[in-house]
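With chain F's structure known, arrange chain A on it following the hints.
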Amino acid sequence: MAPIVSVSNLVKTYASGFQALKDVSLDIEEGEILALLGPNGAGKTTLISIICGIVNPTGGTVLVGGHDVVTDFRATRAMIGLVPQELTTDQFETVWNTVSFSRGLHGKKPNPAHIEKVLKDLSLYDKKDNMLRELSGGMKRRVLIAKALSHEPRVLFLDEPTAGVDVNLRKDMWQVVEKLRETGVTIILTTHYIEEAEEIADRVGVINGGKILLIEDKKDLMKKLGRKELRVDLQEPISSLPETLSSYDLTIEDDGNSLIYDYNTAGERTGITTLLTALAEAGIRLKDISTRQSSLEDIFVELVGARP
Amino acid sequence: MNLEAVKSIYFFEMARTRRTLLQSVVSPVISTSLYFIVFGAAVGSRIQEIDGVSYGAFITPGLIMLTLLTQCIGNGSFGIYFPKFTGTIYELLSSPVSMTEIVLGYVGAAATKGMMIGIIILGTASLFVDLSIAHPFVMLLFFVLTAITFSLFGFIIGIWAKDFEQLNLIPMLVIPPLVFLGGSFYSVNMLPPFWQAVSHFNPVLYLISGFRWSFFEIADVNPVVSFAIIIVFLAVLMGLLTWIFRTGYRLRN
Numbered sequence: 001m002a003p004i005v006s007v008s009n010l011v012k013t014y015a016s017g018f019q020a021l022k023d024v025s026l027d028i029e030e031g032e033i034l035a036l037l038g039p040n041g042a043g044k045t046t047l048i049s050i051i052c053g054i055v056n057p058t059g060g061t062v063l064v065g066g067h068d069v070v071t072d073f074r075a076t077r078a079m080i081g082l083v084p085q086e087l088t089t090d091q092f093e094t095v096w097n098t099v100s101f102s103r104g105l106h107g108k109k110p111n112p113a114h115i116e117k118v119l120k121d122l123s124l125y126d127k128k129d130n131m132l133r134e135l136s137g138g139m140k141r142r143v144l145i146a147k148a149l150s151h152e153p154r155v156l157f158l159d160e161p162t163a164g165v166d167v168n169l170r171k172d173m174w175q176v177v178e179k180l181r182e183t184g185v186t187i188i189l190t191t192h193y194i195e196e197a198e199e200i201a202d203r204v205g206v207i208n209g210g211k212i213l214l215i216e217d218k219k220d221l222m223k224k225l226g227r228k229e230l231r232v233d234l235q236e237p238i239s240s241l242p243e244t245l246s247s248y249d250l251t252i253e254d255d256g257n258s259l260i261y262d263y264n265t266a267g268e269r270t271g272i273t274t275l276l277t278a279l280a281e282a283g284i285r286l287k288d289i290s291t292r293q294s295s296l297e298d299i300f301v302e303l304v305g306a307r308p
Numbered sequence: 309m310n311l312e313a314v315k316s317i318y319f320f321e322m323a324r325t326r327r328t329l330l331q332s333v334v335s336p337v338i339s340t341s342l343y344f345i346v347f348g349a350a351v352g353s354r355i356q357e358i359d360g361v362s363y364g365a366f367i368t369p370g371l372i373m374l375t376l377l378t379q380c381i382g383n384g385s386f387g388i389y390f391p392k393f394t395g396t397i398y399e400l401l402s403s404p405v406s407m408t409e410i411v412l413g414y415v416g417a418a419a420t421k422g423m424m425i426g427i428i429i430l431g432t433a434s435l436f437v438d439l440s441i442a443h444p445f446v447m448l449l450f451f452v453l454t455a456i457t458f459s460l461f462g463f464i465i466g467i468w469a470k471d472f473e474q475l476n477l478i479p480m481l482v483i484p485p486l487v488f489l490g491g492s493f494y495s496v497n498m499l500p501p502f503w504q505a506v507s508h509f510n511p512v513l514y515l516i517s518g519f520r521w522s523f524f525e526i527a528d529v530n531p532v533v534s535f536a537i538i539i540v541f542l543a544v545l546m547g548l549l550t551w552i553f554r555t556g557y558r559l560r561n
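Top to bottom, those sequences are chains F and A. Taking the working numbering, the leading residue of the first sequence gets 1, the next gets one more, and so forth. Taking the working numbering, the leading residue of the second sequence gets 309, the next gets one more, and so forth.
None of these hints come from the bench; they were simulated from the model. Treat the hints with care, as some may be off.
[To be verified] Listed below are the simulated DSS-like cross-link pairs for lysine-lysine, each with C-alpha atoms no more than 27 Å apart in a straight line:
id: 1; chain 1: F; residue 1: K218; chain 2: F; residue 2: K179
id: 2; chain 1: A; residue 1: K315; chain 2: F; residue 2: K120
id: 3; chain 1: F; residue 1: K171; chain 2: F; residue 2: K211
id: 4; chain 1: F; residue 1: K211; chain 2: F; residue 2: K223
id: 5; chain 1: F; residue 1: K211; chain 2: F; residue 2: K22
id: 6; chain 1: A; residue 1: K315; chain 2: F; residue 2: K128
id: 7; chain 1: F; residue 1: K22; chain 2: F; residue 2: K218
id: 8; chain 1: F; residue 1: K120; chain 2: F; residue 2: K109
id: 9; chain 1: F; residue 1: K140; chain 2: A; residue 2: K315
id: 10; chain 1: F; residue 1: K228; chain 2: F; residue 2: K287
id: 11; chain 1: F; residue 1: K219; chain 2: F; residue 2: K171
id: 12; chain 1: F; residue 1: K120; chain 2: F; residue 2: K108
id: 13; chain 1: A; residue 1: K392; chain 2: F; residue 2: K128
id: 14; chain 1: F; residue 1: K140; chain 2: A; residue 2: K392
id: 15; chain 1: F; residue 1: K117; chain 2: A; residue 2: K315
id: 16; chain 1: F; residue 1: K128; chain 2: F; residue 2: K108
id: 17; chain 1: A; residue 1: K315; chain 2: F; residue 2: K127
id: 18; chain 1: F; residue 1: K109; chain 2: F; residue 2: K127
id: 19; chain 1: A; residue 1: K392; chain 2: F; residue 2: K109
id: 20; chain 1: F; residue 1: K108; chain 2: A; residue 2: K392
id: 21; chain 1: F; residue 1: K179; chain 2: F; residue 2: K140
id: 22; chain 1: F; residue 1: K108; chain 2: F; residue 2: K140
id: 23; chain 1: F; residue 1: K218; chain 2: F; residue 2: K228
id: 24; chain 1: A; residue 1: K470; chain 2: A; residue 2: K392
id: 25; chain 1: F; residue 1: K179; chain 2: F; residue 2: K127
id: 26; chain 1: F; residue 1: K109; chain 2: A; residue 2: K315
id: 27; chain 1: F; residue 1: K140; chain 2: F; residue 2: K117
id: 28; chain 1: F; residue 1: K223; chain 2: F; residue 2: K171
id: 29; chain 1: F; residue 1: K140; chain 2: A; residue 2: K470
id: 30; chain 1: A; residue 1: K315; chain 2: F; residue 2: K108
id: 31; chain 1: A; residue 1: K470; chain 2: F; residue 2: K127
Just so it is clear, the structure is predicted and the values come from calculations on it, not from any experiment.
Next comes chain F alone, as it looks inside the complex (with noise of 0.2 Å):
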């Protein structure tokens, strides 16, 4: 099935000479959740903002659903809804009228049952016809959603959707977001938080300085890139290690009770038996043994170098 996003080649060159985006190219297909991480200035926003219309590209080309953002932009847009960073609100408005608006600007006829489920899903149905300047943080970006899905888009852009949102909305979002796909909605979120994109998509994306770092199926990522730590907790405290155990990578934690030892687990052999095996032999004994699997943040830090 041809992709539901495909962006080829894109660079975007501001008027100050920042290059924001160097050659990106990246495939979305239809129904995934891809999670873009990256640190701030990396070119998240910038991409989300030609693939939706915002900002016009330098090169390159943007297909959604087969057509070009920028010379067949009415298709596209049709199909795109967009959450931005910036909680933008019309102060003045009322909840409904503001949703409505949405609807309509994206050319589609009224259709309050449509704008009354929505608000009902995202529980902003109680206040809609309040003022969105007397709504809290966390209700205003329920509204940005809701504007958003007005116009019941294929594609969904979550630009840091959940960035200062308290945990528990969080959570509520993410559910928002597990619910619409369930319909078959393509979402692509940018966030800060690892722990979103381990929790929510399908695929992670790392961007970095304009340019994609990789792209991967998340499970694949966290396989490939995975380290594991073993942790070997000991019965008594040991100073330094025996010659022994010289030639494995081990190092000695909270005042020589423990061991950590990092092994790759896509790796043909762990090396977890022979150490186990050499550790006995050297008379050492042991109390507990536990394993971690480094996240998609060690991941990510490791390839960038910063955290998000």
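Below, chain A alone, put in the same frame as chain F:
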């Protein structure tokens, strides 16, 4: 043509007028009434008729134009500047609407509001002075064309403005002198020859003169010239707008 979008923008903008009724409608009516009381009744009673028209009636077309220009520029510029200022413009730019549709929605609403107030002022004026309109269709033509042209002018100002100061620069500093010196309150024939010549460089003179001709058949310049001037101004603005759309000037960069 995305008619739903044009309708949405238009009615969204018109709803703003309802919310700000005092500021949008009542305030221009009060200020115009003050002009009539001061210039029409108090000062005007001591001024002789101009070309057979009482002074109060003579200034009416000028006052309507003054309000129409200020309101249309104000509404046209604010309508598009406000979403830029709040950031909600993202939605407009990411919607399947062409720039022509955006202009139709915003400029249509600005012109409608301007004309509504213009009509209210005409009604208010008729309470103070005896008015007759010699050429109602010509009057309507000037009225509608001026409203559209200056709403479009306002729209361009709104796109160009980077802050509220720039937004108010032209409506506050440029338009009032042009209107006041464009013969709103006098016939330019009353000026010394030098200032008469200078006045002819003022485009607003042609608007007021043409508009006044439709009421009283008296004019400082040929009404056909007045009509041509509006059309030329409209054409220049359309050209400017086309350039803005093509380059995405201050919108998509």
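Here is what the structure says about each hint:
With a C-alpha separation of about 20 Å, the suggested pairing of F/K218 with F/K179 holds against the 27 Å cut-off. Between A/K315 and F/K120, the direct Cα distance comes to roughly 26 Å. Compliance with the 27 Å bound is thereby established for this hinted pair. Pair hint F/K171 plus F/K211 does not hold up; C-alpha atoms about 30 Å apart against a cutoff of 27 Å. This hinted pair checks out: F/K211 and F/K223 have alpha carbons roughly 23 Å apart, not beyond 27 Å.
A hinted pair counts as satisfied when its Cα atoms are at most 27 Å apart, and F/K211 with F/K22 qualifies at roughly 6 Å. Under the criterion of a C-alpha separation no larger than 27 Å, the hint pairing A/K315 with F/K128 is consistent with the structure, at around 22 Å. Annotation: proposed proximity of F/K22 to F/K218 holds, straight-line Cα distance about 24 Å (limit 27 Å). A C-alpha spacing of about 20 Å is found between F/K120 and F/K109, which places the hinted pair at or below 27 Å, so the restraint holds.
Among the hinted pairs, F/K140 with A/K315 is consistent with the structure: their alpha-carbon atoms are about 25 Å apart, no more than 27 Å. In summary, the hint linking F/K228 to F/K287 is supported, as the alpha carbons are separated by about 20 Å, within the 27 Å threshold. At most 27 Å may separate the alpha-carbon atoms for a hinted pair to count; F/K219 and F/K171 meet this at roughly 21 Å. Between F/K120 and F/K108 the CA atoms are separated by roughly 20 Å; this keeps the pair inside 27 Å, and the hint holds.
Taking the CA atoms of A/K392 and F/K128, the gap is about 25 Å. The hint holds against a cut of 27 Å. Note on F/K140 and A/K392: the hinted pairing holds, with a Cα-Cα distance of about 18 Å set against a maximum of 27 Å. Of the pairs offered as hints, the one joining F/K117 and A/K315 holds, with about 23 Å between alpha carbons and a cut-off of 27 Å not exceeded. The hinted pair formed by F/K128 and F/K108 meets the criterion: a straight-line CA distance of about 20 Å does not exceed 27 Å.
At most 27 Å may separate the alpha-carbon atoms for a hinted pair to count; A/K315 and F/K127 meet this at roughly 25 Å. A threshold of 27 Å between alpha carbons decides the hint, and for F/K109 with F/K127 the separation of about 23 Å falls inside it, so the pair holds. Between A/K392 and F/K109 the alpha-carbon distance is near 26 Å, which keeps this suggested pair within the 27 Å criterion. Under the criterion of a C-alpha separation no larger than 27 Å, the hint pairing F/K108 with A/K392 is consistent with the structure, at around 24 Å.
Proposed proximity of F/K179 and F/K140 is supported: the alpha carbons are some 20 Å apart, at most 27 Å. Proximity of F/K108 to F/K140 is assessed by CA-CA distance (about 23 Å); at most 27 Å being required, the pair is judged to hold. For the suggested pair F/K218 and F/K228, the alpha carbons sit about 16 Å apart, so the restraint of at most 27 Å is met. Annotation: proposed proximity of A/K470 to A/K392 holds, straight-line Cα distance about 9 Å (limit 27 Å).
Taken as a hint, the F/K179 and F/K127 pair is honoured in the structure, with Cα atoms around 21 Å apart against an allowance of 27 Å. Distance check on the hinted pair: F/K109 and A/K315 sit about 10 Å apart at the alpha-carbon level, within 27 Å; holds. A threshold of 27 Å between alpha carbons decides the hint, and for F/K140 with F/K117 the separation of about 17 Å falls inside it, so the pair holds. With a C-alpha separation of about 25 Å, the suggested pair F/K223 and F/K171 falls inside the 27 Å cut-off, and the hint holds.
Between the alpha carbons of F/K140 and A/K470 the distance comes to roughly 26 Å, so the proposed pair stays at or under 27 Å and holds. Distance hint between A/K315 and F/K108 is fulfilled; the C-alpha atoms sit about 11 Å from each other, no more than 27 Å. For a cut-off of 27 Å, the pair hint linking A/K470 to F/K127 is broken: about 34 Å separates their Cα positions.
Hints 3, 31 from the earlier list are contradicted by this structure; the remaining hints agree with it.
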